[in-house]
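Undergrad: Single-letter residue listing:
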Amino acid sequence: MIARLVAGVPTRALVLLGTLLIVFLAAPLFVGDYLLTVLILILYLAYTGQAWNIMMGFAGQLSLGHALYVGLGAYTAAALYVHYGLGPWIGLAVAVPVAALAGAFIGFLAFRFRVAGVYFAILTIAFAEFARVGFDHLAWTNASSGLFLPVAQYARNDLWHLRGHPVMFYYVLLVATVLAFVFCRALLTSRIGYFWLAIREDEEAARSAGIDTFHYKMVAVVISAAMTSFAGVIYAFYYNNLFPEQVFNISRSIDIILAPIIGGVGTLFGPILGCFLLEALAEGLRSLLEVFGIDVPGIKQVVFGAILLLVVVAVPDGVWPWLARKLNLTERRT
Amino acid sequence: MAGALRRGAGVPADIYLNVAVGGILTGLVYGLMALGLSVIFGVVRVVNFAHGEMMTMAMYIAITLFSALRLDPLVMLVPIAAALFAFGYVLQAGLINPFINRPEHSQFLLLIAVAMMLANGLLIVFGPNAQNVQVAYGFDSFQFGRLIIDATKAYAALAAIAVSVALFIFFRSTMLGTSIRACADNYTGALVVGLNVKRLYALTFGLGAACVGAAGPMLLLIFDVTPAAGPAYTLLAFVIVITGGLGSMPGALLGGVLIGFTEAMAGLLFTPSAKSMFAFAILVLVLLFRPQGIMGKRAA
Amino acid sequence: MTTLLSVDGVTKHFRGLLAVDKATFDVSEGEMFAVIGPNGAGKTTLFNMIAGVYVPDGGSISFAGERIEGLTPDKICRRGIARTFQIVRPFPALSVEDNVIVGSLLHRHDVDEARERARDLLRRLELYDKREQTASSLTLPDRKRMELARALATDPKLLLLDEVMAGLRPTEIDRIVAILRALNRETGLTVVLIEHVMRAVMALAGRILVLHHGAVIAHGKPDEVVRNPAVIDSYLGVEAIG
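Chains as they are written, first to last, in my numbering: chain A, 1 to 334; chain B, 1001 to 1300; chain C, 2001 to 2242.
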């Protein structure tokens, strides 16, 4: 099993991976509180990016409404905690099916009625917007006034209730990201991975080769949605407040796709590299502006937009494939 | 929601009529906005994700000019539309044309990038608070029997009709317009016949941008604007275009009227803030059951 | 010989244009069967109906005794009919080997097993050395052989080839003919091919069907069909007879 996971991967890449993992494991010991929050954000985006990547990079379906699954995960777990005192891990057990069902519903509608390409993307946007406006009126989650979780002291780290110091969230997300990475690799090298790539490349030809494309597209959507809902649960317990306007906002959906697109859709390293680049740049920019005493909200997004533009124009496959070629780290398969 | 309905039951019929008419008039302006998208999508086959942001930009230009020169937005219609035309032309010529052979996702993402930069650029320059214009006739209305129409909506709708008619004549009767329609029908055929398709694409995008350049000031008479208003308008434009039928100019206006009407009535019968949910519901239904829209042609 | 494929009175209209007009023929197990005719005769439409891309407006199609008309392409492939495309459709970003693995994974669940099967086929089709190249980097003849390998990887009982020889040089054509003959001989694979290249048709076909304006105008052994006046008039011309 492990043999298949690492088959075809150059040793240099494995060494790099190992080093990266060690760095991440040790990081909290060396970085300050602020940088820790940045790293948490990086891991959060790396995780959701990978989940999103399953739908887009593997199965070729562009989702621009992934904030829907984050929001469903966040609100389900948060509401259960606030109303019934149920811990986030129990909340997760409920959130995952909820998100999976939402994904299945959207997927069924889209694939059954042959809504594809940009129409599919618009459909996903519409559903996320629908949720945003819907939750703005949902009394059970306090509608637009926002749902607040009781905040505890940092003195104790309570893993069961996810109450505690950011470091706890850091490691939870790190474990999740690593597991997601391994999971995606396993999927990609398995039978379903091959079928997804075939569907992504040419759905008609895939069908002529006997692949039930409806079935496998649905699986991609459901897995992607389910994985993303976990990020939502973490989001809820980390920030401790949820507003439909923010959680389901289209900017959140775009945040999720930026890293994989810039890093490289369909690759394993792409989403992670993309996160690093974007956040590093954002932090660099922020520090630079701080020096001049400028604090401009929105400048980060303008820069991100410009980077997205540059990448789409100059390196459409993403930075990672380009970098991998330069460093001679490419493996045999996409 | 049931409570809201009960509230609605005691409302006199006049209110329904006035709200409905108001919705239809607003819908005509939406229709013009959607017309621009239909033209771009129908001809250049590019999903203009920045459509709403371009209109927001036009609205802010109108606000700036209003504060500086005290000129009515409707009067500024032509210059603002011209400015947006130039913007659209340059965008297509400089950013989209060179990459016309890339898969459609690429262009979509390109325009998302443009939208991000526009929306946040506006945020930086104008701040996050809602802004609007206070025109002299802002509280005037016309009365026809029991029908009361806001002056702002009336003028905006008339302007929308005027611009739409002008556009329609352009596409039907001028050489340039016919050439553009040829490109939409058959790209290779157009090339073979010697049409400079890239230049025509740029012109088309410019025209589509000019539509929102005109629709923006009109809408400003009716609604406030915030830098974050873009995406909602983009989505609305798509709902209208898809509902009314891609490639159909009357369809865009019809779709606009339909959405404007639905929005207004939903706002009255349920709660105002939930009105966009109906637009999305309509979008989903159309995408599933009649993807070519009300007036669209059956072929994809 | 048992009948494997049975096409009975199959008809297809496209908005007023009659593309296929009550086509009727049988293909026996282990046969090599060719469908020829001028362009626009309805050959590919006929294929597409067998392959599940189109639903016939009339008539029926049976495979191994079961009705298959109207089934989707993936179901048809799972039942044992594989096809190639007139304009080749590889999975461009995947390697040659991965392209074929996709096919062989249809009836195998183990990726390693599928890879072995894929490699066997690639060796047989003389593409083994290029197995790690990206499909989009291949020449046309190689792509055609790769698509053939991918179709064969699905373990079909019936192979539909749509103008697989088009654009190939005579040596290439002979290679593919030899490969198909060998497969037919060793595994009993039934082949139905649309072809314009008479060199290949005469070398391979046990029986020929001739279509013209959607209708069958001749049906039988190669020597008979080729001398049929109607066939000569509509398609072959007198010089074509060797």
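Rather than coming from a laboratory, the hints here were simulated on the basis of the structure.
Model, not experiment: these values are computed from the prediction.
A portion of the hints provided could be inaccurate.
[Claimed, not checked] Label pairs and their calculated CB-CB ranges:
id: 1; chain 1: C; residue 1: Pro2092; chain 2: B; residue 2: Gly1094; range: 26 to 32 Å
id: 2; chain 1: A; residue 1: Arg185; chain 2: B; residue 2: Ile1161; range: 33 to 39 Å
id: 3; chain 1: B; residue 1: Ser1273; chain 2: A; residue 2: Leu285; range: 43 to 49 Å
id: 4; chain 1: C; residue 1: Asp2155; chain 2: B; residue 2: Asn1196; range: 51 to 57 Å
In this text, a Cβ means the ideal position worked out from N, Cα and C, and glycines have one as well.
Undergrad: If a hint holds in the structure, say so; if it does not, say that too.
TA: Do the hints match the structure? See the list:
In this structure the hint that proline 2092 of chain C and glycine 1094 of chain B lie 26 to 32 Å apart at CB holds, the actual value being about 29 Å. Our hint of 33 to 39 Å for arginine 185 of chain A and isoleucine 1161 of chain B is violated, since their Cβ atoms are close to 59 Å apart. Separation of serine 1273 of chain B from leucine 285 of chain A is about 35 Å and departs from the stated range, judged on CB atoms against 43 to 49 Å. Taking 51 to 57 Å as the suggested C-beta distance range, the pair aspartate 2155 of chain C and asparagine 1196 of chain B conforms, at roughly 53 Å.
Checked against the numbered hints given earlier, this structure breaks hints 2 and 3; the rest are met.
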